[in-house]
Structures are given as C-alpha cells and as structure tokens.
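Asks: We have chain A already, so just place chain B on it with the hints.
2 protein chains.
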Amino acid sequence: MSFERKNIANMQGYVPGEQPKAHTVIKLNTNENPYPASPAVADALAKIRVEDLRRYPQAIAEDFRQIAADVHGVDAENIIPTNGGDELLRLALTTFVEVGDKIIVTQPTYSLYPVLAEVQNCILEEIPLRDDWSIPADFAESLIQSRAKMCILVNPHAPTGCLLPSAYIEKLAKSFEGVLVIDEAYVDFVDPKESYNCVPLIDSHENILILRTLSKGYALAGLRFGYGISNKSLANPIMFKTRDSYNTDHVSQILACAALQAQDHAQANWEKIRNSRSDLITALNELGLVTGASQTNFVLVQVPANHSAINISQALKDQNILVRHFRQPRLEDKLRISIGTEKENRALLSALRGVLQG
Amino acid sequence: MSFERKNIANMQGYVPGEQPKAHTVIKLNTNENPYPASPAVADALAKIRVEDLRRYPQAIAEDFRQIAADVHGVDAENIIPTNGGDELLRLALTTFVEVGDKIIVTQPTYSLYPVLAEVQNCILEEIPLRDDWSIPADFAESLIQSRAKMCILVNPHAPTGCLLPSAYIEKLAKSFEGVLVIDEAYVDFVDPKESYNCVPLIDSHENILILRTLSKGYALAGLRFGYGISNKSLANPIMFKTRDSYNTDHVSQILACAALQAQDHAQANWEKIRNSRSDLITALNELGLVTGASQTNFVLVQVPANHSAINISQALKDQNILVRHFRQPRLEDKLRISIGTEKENRALLSALRGVLQG
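First to last, the sequence lines map onto chains A and B. So the first sequence is numbered by the numbering used here: it starts at 5 and just counts up by one. So the second sequence is numbered by the numbering used here: it starts at 5 and just counts up by one.
This is chain A alone, in the form it adopts within the complex (with noise of 0.2 Å):
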C-alpha cells in the first residue's frame, strides 16, 4: 500500500553525483573545492567540546548572522542561515509557491529545482537558454507574462559557467511581480574584473532572494550549511515561520563563522582555483574538448563528435577519475568537469589524451 500524496507517488527523487568512499579517488564530478578550509576553520572544530553539544545550538544562529552581514554590508536580519544552500531552495518554495503556482527556470539549470517542484506540487517551466548558452532577449518579458510567483537562476550558471551581469538581474527585479531567487552557490569563483554584486539590490528589490553556500566557496560542502541574503520581508517568515526551529546545528554554526572570518585564505583559494581554470581550459581546448568561458569551479567541455561523452566519462571513471555526465537534453555530448588541485588536473588532461587517442 502506498500512502505517498500523488505528486510523490509519481517522482523521481534528485540524484546527486557518486560519492566514492575511496580518497585516492580524483573526484571531479560534483565541483567540491580541491583544497582544504582555512587552518582557522580548523582550529575552531579543535576548541568544540562534546559537553558544547549538550544544549541546543542558538535557534536562529544569531553569531553567524551578524558575521555574514558584516562580511556583505548588509544586516543580520537580512541573512537567513540554512543546512547547505539546498535547505534555502526547499524553503523558498514552501513559503512562497503554493501548489499549482508557476516556477520558472531556465533549460538546462540545477538538477535540483525541478524536484523541488515536483515535491511542492508547483508547475515548473522551462525557459530554453539560447544555443551558446545566453539568456533569450525577452526572457524578461516572458516571465512578466508567466505570471510565475519565483524564477530561479543559477547565476554564474551551473553546468554551463557562465555569468549574467548584475545589471541584468536588477532589471529582472523590477520587471517581475514574483520572488527571484538568485543561486549564488558558485559565485566566489567569479573574476573580481566582473565586478559582479547582488548584494546591494537586496535593499531597493525586495523580491531579490540570494543563496550563498559553504560547500563550494569555502571547502565545507560536509558541513551542510548555506545562507540566504534578501530583505527582511523575505528573510523573516523563513527565519521564523517555515524554517525548522533549529535547522542548523552548533559545531556547522562555528565553522562556518570561523570560515567567512578568513576571507583573506578564501580569496586566496579563489585566485588559485581561477589560475588553474584558466590554464584548464586552455588545455582542454588543445585536446579538442571545447568549452567556453567559466566563471565557476567547474567547466563544461563539449567531446569531439566521433567520441561519445558517456565513453569517455567511463574510461576516466576506469582510471579512478570521475567527472559527471548529465543525461539530458542539450548535454549528452558534454561533460562537467570540476577544477581540481594542479596535480589533479594534470592527471585528468593525461588521461584525457590517452582516451582521445585511444
């Protein structure tokens, strides 16, 4: 007998990449940082006492709050703690998209939202990105005429990299009547020459919901904690209505203060990571993978067209190195790569060669 509602009934489940237990793995398939959190992160997991865990943690992670606004110019009430940024997307619907309501995303995007919809019972549509992975000239215009209550974007965008400017989500902001939730999850990758920053938008849109996470940015995706900006009118019924009353806990709460205190270690990883991109795609490109710019932590390389993506993918996956191939429109001749340590990506280009020429 089943007792699932019928949406439930009639889903799938998200699948997240394969998480090997083994570490000598070279793992490029679900674009975890490739190096360690700062030693600062380190020293406060140290300090945490089992007696610290007695009590419950601080409901609404008031310490955290108040580090992250400070870190973003922003204040405390405009910061929504969550367990990994996945936590927010879960909240944003059930707050603010009632069963039946329009959500609006873009074609491909995170594999993620569209379960999301599904579990919420809301109707998703997809907005198709044009074939060099830009957004249509009248996606503005379609999604005033949606009449969708949210649209989620992925911006940088996951998995093609690439990045709308700020200017165009502000006038995204105005136009549209519904909340518009900007998933910032790969956003500390970006080229600083970008000048790219949501952030003060929140003041002046009140529809303007921001994710930020730990996972990717700061080398904490085992922590599961994430973090929303936005104006008090949406940071408040989540902080206090939808939320569960303690959704993150006290040792995710320390690390993660201790991790957006050393911004100067994490700018520096970022640098790193965007030097060994570069240098990546560059490589790529000379074996005939092409990809475009990125403005993440990953890339998504096009196979030449006598190869299949899912061969290749399985030969590396042979040589202990995984790197994820989406089984979806528009992206079976692709696979996502994530960057790695400089070792690590020169093991892949190594492999990659041998595969090409195999």
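No wet-lab data here; the hints were simulated from the structure. Heads up, some of the hints might be wrong.
Heads up, the list lumps identical chains together, so a pair's fine if it works in one copy or across two of them.
Claimed, not checked - Derived PhoX-like pairs (lysine-lysine); straight-line CA-CA distance at most 20 Å:
1) LYS106 - LYS178
2) LYS10 - LYS106
3) LYS321 - LYS347
4) LYS10 - LYS236
5) LYS25 - LYS321
6) LYS178 - LYS347
7) LYS178 - LYS236
8) LYS25 - LYS51
9) LYS347 - LYS276
10) LYS10 - LYS276
Remember, it's a predicted structure, so these values are computed and weren't measured experimentally.
Replies: For chain B alone, kept in the frame of chain A given last:
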C-alpha cells in the same frame, strides 16, 4: 509587499524554549540531558579533520543507517536519518499529507505539530486528553471516523510524561488507515519494566513511523540528529524523494554513529536520570507541587492553587533557574521541569521552597 503564501502569512511560528548563552544558568526548560555524551563521541569528534569536510557527506548516511539498524534489530532500509527529529516530522507531512488533508493530534501535545500543519496548510484536529492525561476510550474509533491521513502521537507524552503501552499503539495502527507517527523523542527514559517497544511493529504495520532523536537520550541536542524507523513503504519516499539530498552533515553522521555504538554509556545515563526523576518527584510532591508518574526526562507539575505558575517560573528565573511555562489551555497552572544533575535538582528544590514560602 508580502510574497508569502496565504497560510504562511496567517500563521505564527514555533517559539522554542529560551536558550541563554550563559553557562551558569541551571537550564531545566528544554529537556536537554544534564550529562555530556559518551567519551566515545568525544574521541570521534577529536578525529575529524577539516579536510574531511571538503567533500560532500554520505548522501544517505549509510554507515549510520547500518549502525542504527543493528541497534534496533531492523534492516538499514528501515532507518531514515534526519537533521534532528523535527525534520522527520516535517518530512512526514511533506510526503504523506496533501494540502487540506486532516491530521490528528492530542491536546495537549508537542507544540511544534500545529505549526507544521499550518506550514503544510492541512487541517489539524486536536482530540483532548482526559483530565488525568489518559487517552479517551474512543480515540481509536475517532481516528477511524476522522478519515485523517496522519495521526501524530508523542509517546511517552510531552508535556505530561505519560506512556501509552506498545499494545495500544499496535491496536491503533491496525484500525487506522492513515500514517501513525509515534514521536519517541523521550523513549530512552522509559522504565525497562514497562517493556515498551514499538520497533518490532514496523514489520507487520507499514503505516507506523517511529521518530527517535539523539538530542535527549544521547545528550546531543546541539548536533541536530534524529532518525525514523519504519517499514520501507514509508522510508523509501522520504529517503529518495522528499528529503533534501544531503540532509545530514559529515560531523553529525560520525558523532551519531559513535553515540549509538556506546550503548552501555547511554543506558547507564538513562538509569541515572530515572533515579533522579524518582527522587525529584517525591521531593516536589512533598512541596505540594503535584505531579504524576513520568516516563521522560521531565516532569509536569501543578502549582498549589494559591500560587501562579508563571510567577513561580519568573521567580526561579530571577535565581538563574529556567523551567518551562506554556501559555496554553490546561497548562497555565503548570510548569514543565527537566531532570537536571543531582546538584541542579537540589538547587531547584531549594529555590522552589523559598518561592513557595516567600
């Protein structure tokens, strides 16, 4: 402008018990365990390196599932690891209860249930317990007639401490056609003489979902780790469809495994608290604070008719002792007091003596 769904805009959030930062407070208001977790948990914590947090955690916490399965004599697929027990409750509603469906709870009960029902926008029906907090004789019949999709019982009961026998739970599960959630947050403190054990029921009753948490019995409220135990017809849709894809983090998984494996330590802790509970009840009754039997790590006391519960609560707070008062029908003249260390219980009794005689 409000972007909230109507049901969210109209609701009040859950108000957690006060969590003071000062560690000098005698904190008997949120049912935390008064003693720290096992030294084995401390050892496990000391071994975690920040480098381990770079990668995503086990998405389904398979190591924890196996350990919990071994402890309870079930299969790993019967275990649902969650970010605190509260997450399991939310997921139960998300997975099995449609907007507009009915949920049955008792009155009084854990004050989070009505909040979760409001978030899911379903109908909450409260069936009052009798004056002695026992369950009405026609409760099973009321459940059947209600055509509710779910019934949530906290057992042993909060905030009264009463226990329904496993045989009664089995009878309910047999006759009820919806999902029967048994919130066993406090089950670790039940006297073994009661021979209470609902876990074996999950094999033959696929509508039973048992909630467990490490917050109380394992002294890890700060960790946010709970789990469900159920037939896989309930477990699978939660595990693979509605749960956030990485809902529990690496640190909490490791510490939860260590805590569950240290069964001897945990059971000695529970016995100690049961003994303190028995002593505390005797002493409270001698002070004219009436309380019945309790199978939890708290007692619900009725204050003498010539005193006000809220005033006593405030007078204790002025002496740095926190207890819980609920501004709810039937609970206005009562206080819920967690079992502390023997020293804390003595301090509480001494302060109460002063307040009642003052």
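Asks: Please name the hints from earlier in the document that this structure breaks, with their numbers sorted from lowest to highest.
Replies: The structure breaks hints 6, 10; every other hint is satisfied.
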